[in-house]
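Just so you know, the protein sequences line up as chains A and B, in that order.
For the first sequence, the working numbering begins at -14 and goes up steadily by one.
For the second sequence, the working numbering begins at 201 and goes up steadily by one.
Only true hints are included.
Once the Cα atoms are required to be at most 30 Å apart in a straight line, the calculated DSSO-like pairs of lysine-lysine come out as:
#, chain 1, residue 1, chain 2, residue 2
1, B, Lys229, A, Lys3
2, A, Lys59, B, Lys379
3, B, Lys229, A, Lys354
4, B, Lys240, B, Lys271
Derived coverage of chain A by chain B (criterion: at least 3 residues anywhere in the stretch with Cβ under 8 Å from a Cβ of chain B; other residues may be distant):
#, region
5, 57 to 63
6, 76 to 86
Think of the hints as simulated: they come from the structure by calculation, not from any bench.
Glycine included, every Cβ here is placed at the ideal spot set by N, Cα and C.
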Amino acid sequence: MNYNERLSNVAVLGAAGKMGSGIVLLTVIEMANRCLIEGKDPCEASLHAIDVSPSALNGLMKYLRTQVLKSAEKSTIQLRKWYSGNPALIENEEIINRYVMDVLSVVKPSTRMEAAWDAYVIFEAVSENPDLKVKLFSSINEHNPNQPWFLTNTSSIPIGELNKKAGLNGNIIGLHYYNPPAIQKLLEIITPAEINPHLVEFANQLAGNLQKTVVHANDVAGFIGNGFFMRDILFAVNETMRLTKEMSLPQALYVVDKVSRDYLVRPMGIFQLSDYVGIDVCVFIMAVMNERLTGENVQCSLFEQLMKQEVMGGQFADGNQKDGIFKYIKGQIVAVYDLNTKQYIELKAIADVGDSFLGPMPASWQPWKLAIKSRTREIMLQQYFDELKQMQTTGAVLAKAYAINAKQIGQQLVRNGVAHKTDDVNTVMTTGFFHAFGPVNDYL
Amino acid sequence: MKKMRKRVFLTAGYNTISMGTGRKEFNPKKQMPGLEHYLKQAGQASIAAIGGAHLIDECVVGNFMASRFNKQAHLGAFMPMIDEGLRYKPAVSTEGACASGGLALLIGMRSVLAETADMVLVIGVEVQNTVKAIYGADILAGAGWYSKRKEGHAYFFPGQFSNRAGAYFEKYGRDYARKGFAKWFAIAIENARLCPTAQEYENTVEDLEKLALTEPNPMFFTDHLTVFDCSKVSDGASSIVVASEEGLKKAGISLSETVEITGWSQLEEDITHEPDDLTIMSTMAEATKQALNTAGITINDLSTIETHDCFTIAGILSVEAIGFAKPGEGPTFVAEGHTSRNGKIPFNTTGGLIGWGHPTGASGVHMAVTIWEQMTAKAGKAQIEIPADRPYGMSINMGGDDKSLVAIVYRKPVH
Chain A
-14 MNYNERLSNV AVLGAAGKMG SGIVLLTVIE MANRCLIEGK DPCEASLHAI
36 DVSPSALNGL MKYLRTQVLK SAEKSTIQLR KWYSGNPALI ENEEIINRYV
86 MDVLSVVKPS TRMEAAWDAY VIFEAVSENP DLKVKLFSSI NEHNPNQPWF
136 LTNTSSIPIG ELNKKAGLNG NIIGLHYYNP PAIQKLLEII TPAEINPHLV
186 EFANQLAGNL QKTVVHANDV AGFIGNGFFM RDILFAVNET MRLTKEMSLP
236 QALYVVDKVS RDYLVRPMGI FQLSDYVGID VCVFIMAVMN ERLTGENVQC
286 SLFEQLMKQE VMGGQFADGN QKDGIFKYIK GQIVAVYDLN TKQYIELKAI
336 ADVGDSFLGP MPASWQPWKL AIKSRTREIM LQQYFDELKQ MQTTGAVLAK
386 AYAINAKQIG QQLVRNGVAH KTDDVNTVMT TGFFHAFGPV NDYL
Chain B
201 MKKMRKRVFL TAGYNTISMG TGRKEFNPKK QMPGLEHYLK QAGQASIAAI
251 GGAHLIDECV VGNFMASRFN KQAHLGAFMP MIDEGLRYKP AVSTEGACAS
301 GGLALLIGMR SVLAETADMV LVIGVEVQNT VKAIYGADIL AGAGWYSKRK
351 EGHAYFFPGQ FSNRAGAYFE KYGRDYARKG FAKWFAIAIE NARLCPTAQE
401 YENTVEDLEK LALTEPNPMF FTDHLTVFDC SKVSDGASSI VVASEEGLKK
451 AGISLSETVE ITGWSQLEED ITHEPDDLTI MSTMAEATKQ ALNTAGITIN
501 DLSTIETHDC FTIAGILSVE AIGFAKPGEG PTFVAEGHTS RNGKIPFNTT
551 GGLIGWGHPT GASGVHMAVT IWEQMTAKAG KAQIEIPADR PYGMSINMGG
601 DDKSLVAIVY RKPVH
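Looking at chain A on its own, in the form it has when it is part of the complex:
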């Protein structure tokens, strides 16, 4: 069975979720395009979009219509070639509308797992719960006569473990998309020790066709992305708790978030990013890692306490940020949560005190937005870090410690055999997390 045949019948589990809907979008476009390139009617292909929530599936179809339309409007030059044989389709608008219809006709939404029983390829994007994943995989594998291939979007659970527990005989691979999958270029591919080599080939071809930046990670809990991110959180929380000896917790959260955002030239501070991902999601991922990694304590009691108080972050269905460690208005931080009073404290007063505590920013500092656009980014960053090195303000001291720790996390990922090389860690952080520079560098 070749690549195109494989893609003729696909199921996506958790299709209406944040990650699932993006994976459906990318996959269905790829499926329809393969048909059109071969001169076939895309209707011959099926993507079973499976989710427990019928209303979320309605939302998925709406999302797909908008996104496929956008994609078609950007690729009309190509579409005109594919539809050149149909004399009834003349104007761009007619061709675009036909394409949207053709792509959407591939998607079959369903709330029943049985829909996956005749698929050749199964993408999985359900919640980060090992037992649930194993249960779904083994049940489908049992009922599906095609010996289907499983491509899981887990961001932390070892693939080998899922393979073994669900009895998949090496027919599973990790395809860790970043959020949102349709926009994020990075794709972490995780190949366990026991794996069907044809599946690896398939995954690589798919990643290539989707024009993803691929990083191959080894099958160690957390992989590269979360392996870095979770340890970065742990360091940040430790720093925060240390600072609470001289200031309140909200004050310390603000300070560490600012150091990790502004001084480290990142798009978001570490706690804002935790809110973006979801405090609960971070706690689940840490639990998965903690159970599987020996000699390392991957646990964060601050986050666990926040979760108990239902301070969770994450996003609303429309993509807006929910309140978490910070309170947001139109995506901007306006207040900081106080664990003791269970109230948000306005940012202004905290920021004034925090900023004077940190001291002035280095003169050569530029915010992330400008840094990533700079054509002389490396020179600019070197100047900035040279200046930072000389400074002894509290902000500079905290920033240097933060950067050094980030570098150590990166090196440790290679030493522990998670990443093949430090460049891979840097690629994940610059591509998947949009950092202006990789953590493993010689700036300091």
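With chain A fixed as given, assemble chain B onto it according to the hints.
Same frame as chain A, but now just chain B:
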């Protein structure tokens, strides 16, 4: 064409802003002003300048595709909306693709020549930013032969002129020609920066020629042209009053406030025919020749030209069609700066279609307004010198790919 039986003048010109990408006020996500806004703004300005709508005998509106961009036809009936004084007066609309504005001027002139009107208000208007560019391309493709749409490029007209550019590259050399294109673009933007209504007025790019030399990417656009080779997608209107001597007298307008039309031509080429030679715009060449002949002058008498540079290649080909450069030598003529505001013959002094903007149905009128401004010293920072021994200007307005042409010769009036 027979000799003009009486003198015809233009006065009270007005251009709205050319709205679209490039202007800070432009926000495609918000509801932007529509046809009514532009018609009113331009029409009312011209009416105020002549002293009231009671002096207007007729109106003509030039427009290409409001029927699709705005789902609105029947534009003549908008004239009384501009001013109540136009109620129960004649008004027609003209359509000839991007030459619609030029045709509107001609209809106005004919009424004056026919002595059925002494003052005709001529407005050109187009509001194109109502749809995304990929759909706008469908609408503008109406200027070509629909039977060829299927085989055409997604961006139909950029595709047509990309083919012209490709043929030109093959004949005369790619780098050589692209240097000319880049200079054309740079001059257009530099001129637009001097004109507050221009779409590129706020352009701050330092190295314009380098930007224009960005390599074309056929995956996203055409084979041989980039977006910098193209005119803008614009919303805007231009208006002007066509008047007889009697009309001017009635309104108390002195000749120094006018330009006189001394020659013109309007001709058509078969829309179903492919050009004989992609490297030549033969209809444009014929139109300029006829207009200059009726005016009884040569290109050496011209002090400025407004030409239809819907694409850089069209600008270069027009330099050759008018006769300032031999075939293949247009890029040199432009690259040496002869078409710049200080050159031998300044072209498109407020930026033309690439710099000022291209609200398609308005462009023909905009050209006339620009020449009127230059000849009456109203061009502000964009003002060029009009030498006394070369008191003539010319506009060349084109519809489709060298299919409909309106060429007009203007002169500073002699008392």
